[in-house]
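Undergrad: Residue numbers (this note's numbering), protein chains in the order written: chain A, 1 to 554; chain B, 1001 to 1559.
Some clues are possibly wrong.
Away from chain A, derived, C-beta distances all over 12 Å, residues of chain B [as the list claims (entries may be wrong)]:
1) Ala1061
2) Ala1144
3) Arg1385
If you want the ones that stay clear, here's a sample from chain A, every Cβ over 12 Å from chain B, calculated [what the hints assert, rightly or not]:
4) Ala69
5) Thr178
6) Asp462
Rough simulated footprint, nothing fancy, chain A against chain B, three-plus residues with beta-carbon under 8 Å [said to hold, decoys possible]:
7) 1006 to 1020
8) 1083 to 1097
Everything labelled a hint here was simulated from the structure, so no lab data went into it. Quick reminder that beta carbons are idealized off the backbone N, C-alpha and C, glycines included.
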Amino acid sequence: MTAVMRLLPIIAERRGAFLGTVLASLGAQLAVLGLALLLAHLTGTVSAAAGEGPLGEPALWAAGLTGLALTAAVCTWLEAHCSHDLAYSLIGMLRGRVFDALRRSVPDRADARRSGDLGAVAMADAESLEWLYAHTIAQTLTAGAVLTVTTAVSLLVNPALLLVWVPLLAAAVAIPWTMSGISARQARRLSDHRAALRADLVETVQGLRELAAADAVDRRRAHLADVARAVRGAERAAASRVGAERALGDLTLSATAIGALGVAAAGVGALPASAVPLAFTVAVAALGPAAQLTDLLRNAGALREAARRILAVLDRPLTAPEPDVPSRAGLDPSEGLRFADVTFRYAPGEPPVLDGFDMHVAPGETVALMGPSGSGKSTSARLALRLWDPDAGSVRVGGIDLRDLPDARLRALVGAVPQDARLVSGTLADNIRLAAPDASDDAVRRAAADAGLLGPAAGLPDGLATVVGDGGAGISGGQRARVSIARALLTDPRVLVLDEPTASLDPDAEAAFGELLARPSRRATLVITHRPGTAAFCDRIVELDPDAPAARAR
Amino acid sequence: MIHRTLLRMAARSAGGIAGLAGLSLAVTVLFAAQAFAVALILAALIRGDAEAALRGLLGVAGIAAARAAAVWWREVLAAEVGGAAKARLRDDLVARVTRLGPAWTGRARTGRVIATVVDGVEGVEAYVSRYLPQLAVAAVAPPALVAAVAAVHAPSAAVLAVAVAAALVLPRLWDARLLDSGRRRWGRFERLAADYLELTQAIPLLRITGAGGRTAAHLRERSRALTAETMAQLRFSLAESGVSTFAAHAGIAGAVLTALAAVSAGDLPAERALLVLLLARECFRPVAELSGAWHAGYQGLAAVDGLEELRTARPAVVPGTDPVPAGPGPEIEFRGVRFGYPAMSGGPRRPALDGLSFRARGGATTAIVGPSGSGKSTIAGLLERRHDPDDGDVRIGGRPLAALTPAALAASVQLVAQDPFLFSGTVRANIALARPDASDGQVRAAARAADADAFITRLPGGYDTVLDEHGANLSGGQRQRIAIARALLAEPAVLVLDEATSALDAGTERRVLRGIRAHAAGATRIVIAHRASVVDEADAVVRIDAGAAAGPLDREPVP
């Protein structure tokens, strides 16, 4: 349960709702218990004295019982309200923390988890904690109050009752407790299969074009059905266990009833006839708290699994932690972007992609970084953007190690056009503003015009108001590339890293882009490209050689 | 609450639902029987007849054992019935999504689709396996139990009848509103799921633009809105639970008091009051269980919009019926093709091709060149039948492309896109996507032709290296070459490369293009590019001009 325990302190964020849940739960449980005991007591008294005495003041009883029923109803409603408010706001907070953890730890350097799987952590796993926050913690706490009342009443009525219900209460709790190992394994299996199903579905939707082209849609469907079958198998096993636990729980309740009635029948202790219904009722009611606890234990495996998956994300190591002591130094005006003796490998034991790589792009200079696929060009770009830190050596901007720059300052200094030219859903203007949300409309239009996004040739009748879907769906690769370029131009960063910016551009656009690069500025520009046409606009070419990883930069 | 769409989905599980309802009814009856027995035992004990009480206890034990068995069986059967319903529905939805085709999925929000197919279907499972059976029990059992109480003491039963009716009927007044707000909530849930998935996939971009923090704040805002929507909805549904709680407790208390008053007045034997006390509770047990099942099943109800959307969306193309693939190296002809995309914002269609006509000679390489935005990729999309022309005709070997079945089309035309999708899985599985039974030699030959063999063998696991989703652990040029190998292995009659070598350096590109020419010598090759290097390798060139909205085109092939 340690994983679940670690998700409990967040409750402190909503103390009020939690307190409300506890109090309302207390009120509801005590009112319901009071109703049951009172009715049993009344029935016993009246039945035992049949025909001999009147009910006393029926109106008074009616008023009292109605009051209790009303209390039970209001408290039930309040409890439900407070507990859900508590649960859903905590789930919302957890979602935020999960995304915060992801945005500081993705992309993975070595072991990438699939996005469908990661997305499920924020949505499905977080949602499954509803049950924990709304229906178990406060209720388990208030169970103590119920036990106090039932113990006191049992002692008053017939202490022998304790001998009946205390062991059975223990048994009711022990049953799911002993099964918790099985329950944990089942939950693990189930969540692994479910995560696989979700991730496979994401890839099916996003890769449907390729699947259709390969006539592999039916095979993919069959594969998904297999994964779904595995999920079903795991669910079946879990259902059998849950069914057994429920059945045994029901049996302990029946055993309590039989035991309490048996105590009365066997004449153990002195039990007046009028108290028999009360004795029966209090014993059965005493097992109520066990139901709360067994519910918790029955679901413990699933909760632990959800907690484990959430914590696995929250505990991910930061790929580029903020500096403990941010550099206060000013930028050295003679320094642009510098790779100093940089070594980088994707996983320990793998050959390095960059090995003692040295390069300097001076302010005002545009350098083309060339070399065959896999020679470390894009890795260099990612290091310059501090998606990762090098294993040895340093990457510096204006003379300052990127690791000593707070993220906000770093992002203001270094701009980029990434290779995949991915956009986010929204308008093109939103996308251009991504790195500079406060930029004026004029500035956005200027950047867009420079990137060749305006005018009839851009093929965008709605211009910057054009809406794109997930990832930039709805416009062509070339248009997406121009949006990425406009975005980078808008911030006018001191260092600009462009990863294959012209791969999707036609020769005219490439030439226009080259002129843009050639405009005089103080910017240090690194252009990763394989196109001689683009390299021609650069001041200098650095070539990476895959067979002698980056040690030789010419 | 009964919903037509969900009921239609549930119809296929009718037998299972009936079985579950039967078992639930059995559980309810066994609870009532136990209550009846306990009441008699209590009466015996009050009379001082311990022997009768002990005999009764044996009966209770028997009833309890039978009920435990029924409880276990119900759980197992619910998983069985729900699991089967879920599997069928999910497979059905997946089939629909795949039929809707890449034109639809390319523009759909993946996270929404997944929320419907995964989380929505979970809700439908609960609706089918929990709510519907319990609905049947709640409709039958309480009236029967009230009738049983009536046999014991009619006035008490009258009180119970009112309370049971209130507990069952009053919440229905909320149902319509509840469903409305549930749907709104579901809509937000889907949007949030879509945002999370999209933004998780976009994290590298968000990081380098420094937009991570703002995006996180935006997501928090959306998440808060979902919480607010959820609470707005719960205010209704919880008020319902307050009302039924009150009805139950007040009903039980009223019935018992009525009976006790009658006993006090000497109008009713004492043991009947005990029967009323114990049976009154049982009248509300099915109602309480229905309320629990409703909470489990409402997500299914709420997700109904997402389900309907998938069920009613129309595919961009209707599959043809001619199962015969094109022969080797067919001629490709565009005749007066007009096509426009619907705008993402739902505005008017954006014209991309305006009466395009050209022929690509069979067995030759035809380059299609033109500036970005001129409609080149649209030509590719029409060739793989992502879309159909609004007007005009695309023909392959003299036959309309639209006549071919999807399988025949896949065997005829293979397209490699600029940003191909690679699946998480081995390199081999990715290359062999169209031909999973291909031999190692065939896979390697295709990879060699795409100039991919050398870098693949240098990967840590060679052809068994497991790729990340989207092939994220490869460079763009490596991804493109694996996709080309994949297309080559499929040995299509027509190979279409849509900027498929854009991330390659000139030397590699030349090797790849020559490899393609050698490996797919008999195929008609259409290469869409804006680079002269590609044009040099082509036998013919079709030039498409960039233009105004309508994209005017040069319709004659340039020799």
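Undergrad: Work down the list of hints and note, for each, if the structure agrees.
TA: Here is how each hint holds up against the structure:
Interface exclusion of Ala1061(B) from chain A breaks down, the closest Cβ pair being 6 Å apart, not more than 12 Å. Under the 12 Å C-beta cut-off, the non-interface status given to Ala1144(B) relative to chain A holds; the minimum distance is some 22 Å. Against chain A, the non-interface label of Arg1385(B) is violated: not every CB pair exceeds 12 Å, the least being about 9 Å. At roughly 4 Å from the closest C-beta of chain B, the C-beta of Ala69(A) falls inside 12 Å, breaking its exclusion from the interface.
Every C-beta of chain B lies more than 12 Å from that of Thr178(A), the closest at about 17 Å, which supports listing it as non-interface. The claim that Asp462(A) is not at the interface with chain B is violated, since a C-beta of that chain comes within 12 Å of its own (minimum 7 Å). For the segment 1006 to 1020 of chain B, the stated coverage by chain A is not satisfied: 0 residues place a CB nearer than 8 Å to a CB of that chain, which falls below the threshold of 3. Check result for the segment 1083 to 1097 of chain B against chain A: holds, 8 residues qualifying (beta carbon to beta carbon below 8 Å, three or more required).
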